[in-house]
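**Student:** For reference, the chains in residue letters:
Protein chains: 4
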Amino acid sequence: MSMDLGVTKKVQPLIDAVRKMIDEDIVPANEEYHAEIGNNPEHDRFKLNDRQLEILDGLKAEAKKRGLWNFWLTDSDRGYGLTTVEYAYLAEEMGKCPLAAEVFNCSAPDTGNMEVLERYGTDEHKEKWLTRLLDGEIRSAYVMTEPNVSSSDPTQLSFEAKKDGDEWVLNGEKWWISGAGDPRCAVYIVMACTDPEAHRHSRHSMFVMDADTPGVEIIRPMQVFGNDDAPHGHMHMRFKDVRIPADALILGEGRGFEVAQGRLGPGRIHHCMRAIGQAERALEMMCKRGLTREAFGKKIATLGANYDIIANCRMEIEMARLLCLKAAHMMDTVGVREAQPWISQIKVVAPLMSTKVVDEAMQMHGGEGISQDQPLAGMYTSLRTLRFADGPDAVHRRQVARAELRKYTNEKI
Amino acid sequence: MSMDLGVTKKVQPLIDAVRKMIDEDIVPANEEYHAEIGNNPEHDRFKLNDRQLEILDGLKAEAKKRGLWNFWLTDSDRGYGLTTVEYAYLAEEMGKCPLAAEVFNCSAPDTGNMEVLERYGTDEHKEKWLTRLLDGEIRSAYVMTEPNVSSSDPTQLSFEAKKDGDEWVLNGEKWWISGAGDPRCAVYIVMACTDPEAHRHSRHSMFVMDADTPGVEIIRPMQVFGNDDAPHGHMHMRFKDVRIPADALILGEGRGFEVAQGRLGPGRIHHCMRAIGQAERALEMMCKRGLTREAFGKKIATLGANYDIIANCRMEIEMARLLCLKAAHMMDTVGVREAQPWISQIKVVAPLMSTKVVDEAMQMHGGEGISQDQPLAGMYTSLRTLRFADGPDAVHRRQVARAELRKYTNEKI
Amino acid sequence: MSMDLGVTKKVQPLIDAVRKMIDEDIVPANEEYHAEIGNNPEHDRFKLNDRQLEILDGLKAEAKKRGLWNFWLTDSDRGYGLTTVEYAYLAEEMGKCPLAAEVFNCSAPDTGNMEVLERYGTDEHKEKWLTRLLDGEIRSAYVMTEPNVSSSDPTQLSFEAKKDGDEWVLNGEKWWISGAGDPRCAVYIVMACTDPEAHRHSRHSMFVMDADTPGVEIIRPMQVFGNDDAPHGHMHMRFKDVRIPADALILGEGRGFEVAQGRLGPGRIHHCMRAIGQAERALEMMCKRGLTREAFGKKIATLGANYDIIANCRMEIEMARLLCLKAAHMMDTVGVREAQPWISQIKVVAPLMSTKVVDEAMQMHGGEGISQDQPLAGMYTSLRTLRFADGPDAVHRRQVARAELRKYTNEKI
Amino acid sequence: MSMDLGVTKKVQPLIDAVRKMIDEDIVPANEEYHAEIGNNPEHDRFKLNDRQLEILDGLKAEAKKRGLWNFWLTDSDRGYGLTTVEYAYLAEEMGKCPLAAEVFNCSAPDTGNMEVLERYGTDEHKEKWLTRLLDGEIRSAYVMTEPNVSSSDPTQLSFEAKKDGDEWVLNGEKWWISGAGDPRCAVYIVMACTDPEAHRHSRHSMFVMDADTPGVEIIRPMQVFGNDDAPHGHMHMRFKDVRIPADALILGEGRGFEVAQGRLGPGRIHHCMRAIGQAERALEMMCKRGLTREAFGKKIATLGANYDIIANCRMEIEMARLLCLKAAHMMDTVGVREAQPWISQIKVVAPLMSTKVVDEAMQMHGGEGISQDQPLAGMYTSLRTLRFADGPDAVHRRQVARAELRKYTNEKI
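Protein chains in written order, with full-length UniProt numbering: chain A, 1 to 413; chain B, 1 to 413; chain C, 1 to 413; chain D, 1 to 413.
It is worth saying that the hints were derived from the structure and are not from the lab.
Small disclaimer: the values here were computed from a predicted structure and weren't measured.
Only true hints are included.
One copy or two, it doesn't matter: identical chains are merged, so the pair holds either way.
With a straight-line Cα cutoff of 25 angstroms, these simulated DSS-like cross-link-like pairs (lysine-lysine) come out:
id, residue 1, residue 2
1, K356, K407
2, K10, K64
3, K20, K407
4, K288, K412
5, K407, K288
6, K412, K299
7, K407, K299
8, K412, K298
9, K298, K407
Make the full structure from the sequences, and use the hints.
**Tutor:** Laid out in structure tokens, this is it:
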């Protein structure tokens, strides 16, 4: 069976255009954008000030004008009709600059949420939210993770949705809700337990709702290694008697995990390819540092184990990228469900590999490597969170192992 | 040759007393102290406010009252006369809470600086600064690292000191100067290049000076993974025509490295034992989490590879501690110079081991592990910096290897 | 650029046919063949007895009859015209049984030697040796490695060839000459130093010669972890005034390294893909063992870290295979020279990965895993030698690092 | 609590004497001894020929004469009364040469078996076997491991002993019975299942018996990576209606595991310290090789990552030795049972560390490293078996983890 993991003629010009716009426009703007954080009248790091909005809107308008928009919509006539493999190469480029994915309307959690609405939403859902999300007018949040529940076993999630007449009433806490602090975040996709007595995988349902529904409270931003990641952020939220209409339900009662699975496949690959983009960037920094800084009268790249370190980073990036492309190829050809073991593989490999490469790059930079003068520490902390996001490593290794063992047994594993 | 690495009868009661005071007094105060950061009229995170000073002064007075003070003074009649091995056990305890070392007047960089003054300082130096440091009235900074110089080869340091009549004139930049932001920091030990034409190891000299000498400017706090570590902090400083008297010179012109070496031996062991204390704390947290959190109907400690992870952490902590104690024992018996290979060994091992243990503990905690709700991320970032502090891993491995090879050759290695 | 790493329609039936013949014919014969070692009148483990020849000849005749022959000849009209990628999949299959590669006339060192003769040999060379090698009538050896010379720097090789009238006179020792003990080995490709004063890479020349030339002495078989690998073996040889004709020279004086490089590219990929085949076999054994053996009332596959171990093996095999296929693809598209960094990468990765997987499989089998009752120990030792063969890991990492650094500098690295 | 891990005045002269005798007498004899293997009239590699016996007996007589005998008898007035810590240093020395431990009557499995007889044997047992074992006249075997049973869970062992009148009747197979092939092996300690219906840890009993009892058949030597380890060897045995007297029972019915545990503690430490001795020898070889062999005009020790490799080996040896000494110290002070977690720790650490060091030493030696010209491959294979012997790594990690978790819970773990 053919397995073309290369850059196609179709995607090559898009890669070039994305790379050019990142280098020339987004990287410089990115710095100013982040320097502006907190510079608004209320001193609120999560409020975007006028200059930030101007930067973002300008870049997004330009991207749209150039036709660099919504690449991730692989299966829809609203997008380019790229394959997941093709998109993966674009995701790698976008990984190299924090602001890039949003500029091209390809950022998490919006892409996953749009995918949910596109695939499982009603016409009303689509009309109300999908169009504006696709246009980049609003942003969204995916409200799933809860405090006090082991993220390795989401069947334990206890945030509750109870039917009350024509409405659902939501109660409970959620945290690590990325993007929920952004003032432009207008819609939530929410996982809630609708029947705690049901079978493990039928207890939960998925809902879509307005972000400004009464009863929703943002308690605080969660910190990642002490950073609040403003203005995007990861919020700790409380829902108190939040009432949403009956048709907020997506796909059907008890089908929350089905929606979640469909959502997670592509998103994991996007995350992983962006991680690989960051690893490439770190390796480039490592090499350049190694060639310009000297010790004992020699370039440090040539000292000690540094050749081995650089070579190992190159080999591990190559392998992780190929594995990620294969997972994307599987998604394109056999579908999310069958591609699951490969998606789990790359979900383990890419974050581990990229944190390791960034860690080596930090070490090659000396103390400067962990300071604000280099982007490496920020890359490290954001990559480190990927080892929890969408399931910790251990859960994915378990999936891979069980798929492997099932080749040799019909018994339940 | 006897090599007693155990807890002696002399130090056991001190360990007990230190542990008791940390648990009962310092841990609770630590939280309040850090919550107060930035709560002063000028909104300056590096200014201590009244409540912070009250907390600190209260704890220090209590420690002094209980006779838990200046343990690190191993060879002096001003201290307990503990061996380095004995002190190492105390350092491990103090590593378990950020504020602890300072409360017992055992914190870096003061201990190293006091050691310099005690060992190499003139009577005037001692009178002016050592007594107050020993009393915990003032704090100090060690001003060595420079931007743009590879930390693996300090002979390249170019911050300059020029003789001008009866004075030395200092010019240049320094960074990662820990504690220089603390308003109580009154004295600097400064490494400067006094003769760039001299032999590699004779170019530099060490000076001691008042922190408020005109011409010294604190540019900014360096950030560690985005954190400023206020109020202690790591400062980027500029010296512009800073004039200090001739007798600020320590030990003699061109003997800067000699002073630095004498200073670094014990300090590295203190750092390492505190790192081991943090690793112990992380392992304890990992076990408790594994016993209280469940997934798939089982305690997570019993799932997957977690037994192996816990066991590996235990084994690596045990081994690192023993190696550290052996290095301390070598210092006690054969002196800093001969103990150098062991000190280099532990300088590599302890930070690597402890970052790894903390990383596993974070993973066992799920997303919470990297958040502000647990101390793990803060432990991680502070331990990660140890892989640069006092020389990066590569330099210490090089030292260990050369010592090993010299057993078999008389040629220069 | 397209990068199809999949199984093509062209090669799929060949894979099926090879797999079928290995499973049905070669695996059973392999056991008998190896049990016969040493069962000849002279008790010489390197002499093939009648039964061994019968087995081998029978299998080879059958393979030839089925058209399963000389797949490796990628660029020639004498072969299938497979791409290196296509061949790689066949090499993986052949790696799963020790005898397989030879049965299909695809075994080292013959393939590399045939490649040398095909590419650089004169018509006489081809007529005399290539045809018979392609027919599987004779075998060959590649006589390069020398005792007392670091294999990381082959420019030091000192085995000498001196012109004497119309002849070259060879003197010196060689070792690890694989296959030279096989009685059917009729031809040697020999690297010799022809001008020790020339530039590092022009000192050596390559020769082709009859194996039964007077003066060639086989001293002993080298042992690999105590095994002589009979009847193939790795010989220690001495050449004493061995005279060969002037036209034994290949390509030209001083061009030995050029020939060696051309020879090594494809060979390394073959080795690596066979290694991956062995890793796949080991993983299969590990899973089956884990499903059938119990401890504490549970299948051992489900105990402790075994899920993680199985998952890691699967992921590392996947990644190594993809990297190997990419290296093959580069060879197919940009040529051996440009593909060099990828070939070096896979030369490091595949042996390390496969020894690790086999080691885990041994551990999962308990003591039996290292015994004669399982093939794992034999697989381990043969894979371990690959970390020396054709250059040790360190040399290949160096190549990879230098290629990486050259992207950012024009200076010599 | 004091923890003296150093070399005491008592053991220092013994270390010196052992080292001297190994260097001057045993190392040279060792080579001749092993070269003689198989040189006996029947071509049986497991029969000792006259020259072998002469070598062995000569060395043993000399050792006895010098008072270098039975050091391991830590608690008895028949030995030196060394502590386990003191003995550990001697074991390390003896690990450096294969024949050494036997020469000083300190080799496995005899020491463990003597310990069993000394501690649990009746006066008759002692008289019949212990005295001759202590004198080095006979050797012994420990008959525990069985085919088809996962070594991680010995409660599954099914080799059976049935009471029949005044006798026990033994039936079943055992394998990996080290030393049972040695013609001087006169006594077996045998673990057998006496009550399959009893509680997991009460099913088995321990017996002592003459090796030449009718019905015992040695089927074949097990091979370790293809080597039979003659003449010591590891035998696969079959017992068919083997009748032994009632008083062959040790300690009592159902107390087999109790005996096994008492036996295994010290033995594991001996194994581990010998492994550390081998690692030291490998590191020495690695350094010497690195200093004498050149590539690219430099000593290979100074190239690439070799400094790091040497340093890592040194650090890991140091740490493993200290951990082993601590385990020995715990045995000396709190007893085998309480020392169990430390013994499990060192049982995991020492074999892994020493195989790794030897593997690096092989790599530094190039192909020669795995050949018969260097002892490294033999060291590797014998160390690799330690990861199975007396329980695989996974079982020991499990023990360590459970001990750790029990600090924080009273529930069953």
